[in-house]
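Colleague: Listed below, chain by chain, are the residues.
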Amino acid sequence: MGRDMTEDAFESIVATHHAEIHRYLVRATLRPGDADDLSQETFVRAYKAYRALPPDANVRAWLFTIATNLSRNHFRAEGRRRRAMAMAAVGATEQGPSWPEGEAIANQASARIDRLVSALPFKQRAAFTMRKVHELDYDTISQSLECSAESARAHVFQALRKIRQGLNDLDGVQTER
Amino acid sequence: MSEIPTCREVERDLVAVAAGEAEPAAAQGVERHVAICRECRDELGRYRVLEGMVTDLRRAPMPGVDPTLARAELESKLADIRSRLVTYGMFASPLGKILIARSELGVSMVRYIDSEASARSHMARLGGDEGIVEDEAVVEPLYRELLDYLSARDTRLRWPLDLRWAGSEFQRRVLEATSQLPYGAVASYGGIAKRIGAPESVRAVAQALRHNPLPIVIPCHRVVGSTGDLTGYAGTRIGLKEQLLSIEGVHVGGDTHRIDRNHMYVWIDPDKEYCVPSCGELSKMPLAKLTLFGSRAHAEALGLQPCQSCRPDLHPIPA
Numbered sequence: 001m002g003r004d005m006t007e008d009a010f011e012s013i014v015a016t017h018h019a020e021i022h023r024y025l026v027r028a029t030l031r032p033g034d035a036d037d038l039s040q041e042t043f044v045r046a047y048k049a050y051r052a053l054p055p056d057a058n059v060r061a062w063l064f065t066i067a068t069n070l071s072r073n074h075f076r077a078e079g080r081r082r083r084a085m086a087m088a089a090v091g092a093t094e095q096g097p098s099w100p101e102g103e104a105i106a107n108q109a110s111a112r113i114d115r116l117v118s119a120l121p122f123k124q125r126a127a128f129t130m131r132k133v134h135e136l137d138y139d140t141i142s143q144s145l146e147c148s149a150e151s152a153r154a155h156v157f158q159a160l161r162k163i164r165q166g167l168n169d170l171d172g173v174q175t176e177r
Numbered sequence: 178m179s180e181i182p183t184c185r186e187v188e189r190d191l192v193a194v195a196a197g198e199a200e201p202a203a204a205q206g207v208e209r210h211v212a213i214c215r216e217c218r219d220e221l222g223r224y225r226v227l228e229g230m231v232t233d234l235r236r237a238p239m240p241g242v243d244p245t246l247a248r249a250e251l252e253s254k255l256a257d258i259r260s261r262l263v264t265y266g267m268f269a270s271p272l273g274k275i276l277i278a279r280s281e282l283g284v285s286m287v288r289y290i291d292s293e294a295s296a297r298s299h300m301a302r303l304g305g306d307e308g309i310v311e312d313e314a315v316v317e318p319l320y321r322e323l324l325d326y327l328s329a330r331d332t333r334l335r336w337p338l339d340l341r342w343a344g345s346e347f348q349r350r351v352l353e354a355t356s357q358l359p360y361g362a363v364a365s366y367g368g369i370a371k372r373i374g375a376p377e378s379v380r381a382v383a384q385a386l387r388h389n390p391l392p393i394v395i396p397c398h399r400v401v402g403s404t405g406d407l408t409g410y411a412g413t414r415i416g417l418k419e420q421l422l423s424i425e426g427v428h429v430g431g432d433t434h435r436i437d438r439n440h441m442y443v444w445i446d447p448d449k450e451y452c453v454p455s456c457g458e459l460s461k462m463p464l465a466k467l468t469l470f471g472s473r474a475h476a477e478a479l480g481l482q483p484c485q486s487c488r489p490d491l492h493p494i495p496a
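Heads up: the sequence lines are chains C and H, in that order.
1 is the number of the first residue of the first sequence in this note's numbering; add one for each residue after it.
178 is the number of the first residue of the second sequence in this note's numbering; add one for each residue after it.
Excised from the complex, chain H in its bound form (with noise of 0.2 Å):
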């Protein structure tokens, strides 16, 4: 038989027998040595209560604490943060590798992208303490609508939109006028200038495109130079507009890249007809006054009568 512990050597092992986590051999040892020792034992006894005590701990109510407040305010500090959190997901298009990302108020960001990993550089730098993450989940529903866009399955995109990313109020404004250009409608960076009430603003209005945070929802792809001229799209994607335009009915020629407004359809807005561009006085009017269509189906989607005297209904452009 092993030597009997001593006081100093079992004092822990007894600690640990009086909480009932001793190990069966540590226990052995307290067990022999409080049989020779009438100290240990009665300081073991005094743990045991002890450990009752500690145990009481457990259920006994702390006079004065109270998290109710904190658990509110926590509670709102969550739901700040819910609003500010943007998740993002990087898909395959018909475009291309696309980037989209979404906050609880709407889509955020859509960004045509080259690499993976700069794309996420990118999004770590711009999400600071506000907080991005990348989860395809989340996204995925917005990425399934875009597909049925693209594939001319459908023609609106109906996701509410979170214009953070709008550097400044004139571009919130742009971007909002161009939001409301119809499916398969083209106007010119003037148009939208007048639409905003700053009709002189015309090479701010193609700057504020130009850093378009939501292209394709924001369809600055139906904005094009006073002459027709599609300027330019996402840096240097310019077959990507006229993808995106001929998806929407809008023929443009393939060497000019350009549009022919003398083969399309026009609007003056809020006129409730549409006419053929020889109508009247039409085809001397700037672009910057009208609206084109490039068929008659999307002008009359809009609920667009055929104009009384040109009838585009009897006379349509020849195709």
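Just chain C, with the same shape it has in the complex (with noise of 0.2 Å):
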């Protein structure tokens, strides 16, 4: 009990956090549409249960954990989407998101990451999302995944491994010393 109630105090939420939410939850779900939804669901649940919030939480990691769960019983739901996201790995630098990519020529290196991110499993996706774009904690990211902070931290390892190998280019890298 306690939370302010008000209308403000939800909607200054809503205002503050939905198009972050948002751009999280198309990474996570891989689909525009999905983070629509998603992000609608993932702040109509946080409405039903704001009041119990202690007064001291942290609201943003808050509305990443929902928006994690959400999108991972989406998945589990959808086996069959599943199992042709385990296709589209094995190609993993062919698969893209499905969002359109446009002429977004500038941000070329952006899209080839995208891309990549998009073939990682969900765990992966999720907490290299959370910790590179987001800038979460490995806590929070741990409690979204219900997972140690350790396994956290392996799961962003693990993308960050499978990104650098897609990016072959960047073998030609060299260090002078």
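Keep in mind the hints are simulated off the structure, nothing from the lab.
We treat Cβ as the ideally placed atom computed from N, Cα and C, and that holds for glycine.
Some hints here could point you the wrong way.
Interface residues of chain C toward chain H, partial, derived using beta-carbon atoms under 10 Å [to be verified]:
1. 36
2. 54
3. 133
4. 160
Computed beta-carbon distance windows for the label pairs [as the list claims (entries may be wrong)]:
5. C/58 to H/260: 25 to 31 Å
6. H/325 to C/147: 54 to 60 Å
7. C/45 to H/346: 51 to 57 Å
8. C/49 to H/252: 17 to 23 Å
9. C/54 to H/414: 36 to 42 Å
10. C/169 to H/212: 56 to 62 Å
11. H/292 to C/154: 23 to 29 Å
12. C/45 to H/281: 47 to 53 Å
13. C/55 to H/416: 27 to 33 Å
With the hints as a guide, bring both chains together as one complex.
Modeller: Below, the structure is given as structure tokens:
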């Protein structure tokens, strides 16, 4: 109890966090349409549970946890899609995220990384996105993924390793001493 | 000096160093290893480049991704949930423990309760997907107003009604007609039946009021049987009906649980005047046609004038 339940209080949470949670969900679910649905569901759930949230809770971390849970369930519920994902992972570098890349020439590097991220298994993809794109701490990531902080670090490490392997042209980078 | 870690041992720490997340000991291990291993030194450089590329993702636009529509749909979903959400609290009152519930639309439930625990599970069952939450603070203003009303400091509850728990259209009509009964007035079940244009449905009216979701607020305590018998209230709480009527200046015979129409002022809606009960043929008219008042003050508070024939102002009913 004790949370400010005036309209303004929750509206300002939506205003502050919706766009970021939506961006996260686009990467986590791989489809903007699913991100639309799940971002709404995230905030509807948050609204219903908000009152019971301790006053000192980190609202942003809490929203990421809800969003991550929803995406994981979303994938579990769509086993067929997950198998399709596994297929996609085989040809990692060839597969891209399903949102259009348009003329994002200036962001070619980002587009390439996103393509590699989209081929990662869910936990690695979610952990990587939360850590590297949204800069969440490992405690939040581990809570979201229901794993230890150590596993959360391992997921991010595995993700970086696979992305590094996917970027063959980095092989040319050499360090002079 | 401890041994220099191998390429395999150093791999994870290498990535951590590139990200600036390595523990000091791990960072030292990496430093010592890359001093002697060209391949891992290059790899560290590559991870640093990668780290920069990854950092760019934070700012990179996502073409074709637009949260605006999702946000607008969310706002309308939340507005819908808010309008359906019910909040309740439980309070002590001169009538015993009561539960008051409200939504954005208005007050939706008043309930006399015996135990908070069973009231909570009742509310949980009612809630379903709609959402019912307990929060005294949200309901407190209604409770304060109710206390003023019960101590006769105020004669009106100004709450808008949320009749979501009216069982049927018929019950809704009964409740709305009952809510029009003025403070300090008494009518009969037959009178309510007449008001809603269903004069034959006296029993159905009594049933509808038995399940009044908003006692006190919708003043079913002002409705009595055709003989003036209180008949019943909130199960077996007939004493509360007497208590509420007495707050409003209506005397009830303690032993009989009945109002005495021969000692009450009479009004026939929509006349502009009120009378003493012996005026003209009034005493022979069925209660269903009359509205009774325990005091002149409450009749006059409605703007009614004393009847020019029987002059209740000059010959008031003896107390």
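Colleague: All the hints need checking, so say for each whether the structure fits it.
Modeller: Verification of the supplied hints:
no., hint, result
1, 36, "4 Å, holds"
2, 54, "15 Å, violated"
3, 133, "5 Å, holds"
4, 160, "5 Å, holds"
5, C/58 to H/260: 25 to 31 Å, "30 Å, holds"
6, H/325 to C/147: 54 to 60 Å, "56 Å, holds"
7, C/45 to H/346: 51 to 57 Å, "35 Å, violated"
8, C/49 to H/252: 17 to 23 Å, "19 Å, holds"
9, C/54 to H/414: 36 to 42 Å, "40 Å, holds"
10, C/169 to H/212: 56 to 62 Å, "27 Å, violated"
11, H/292 to C/154: 23 to 29 Å, "51 Å, violated"
12, C/45 to H/281: 47 to 53 Å, "20 Å, violated"
13, C/55 to H/416: 27 to 33 Å, "43 Å, violated"
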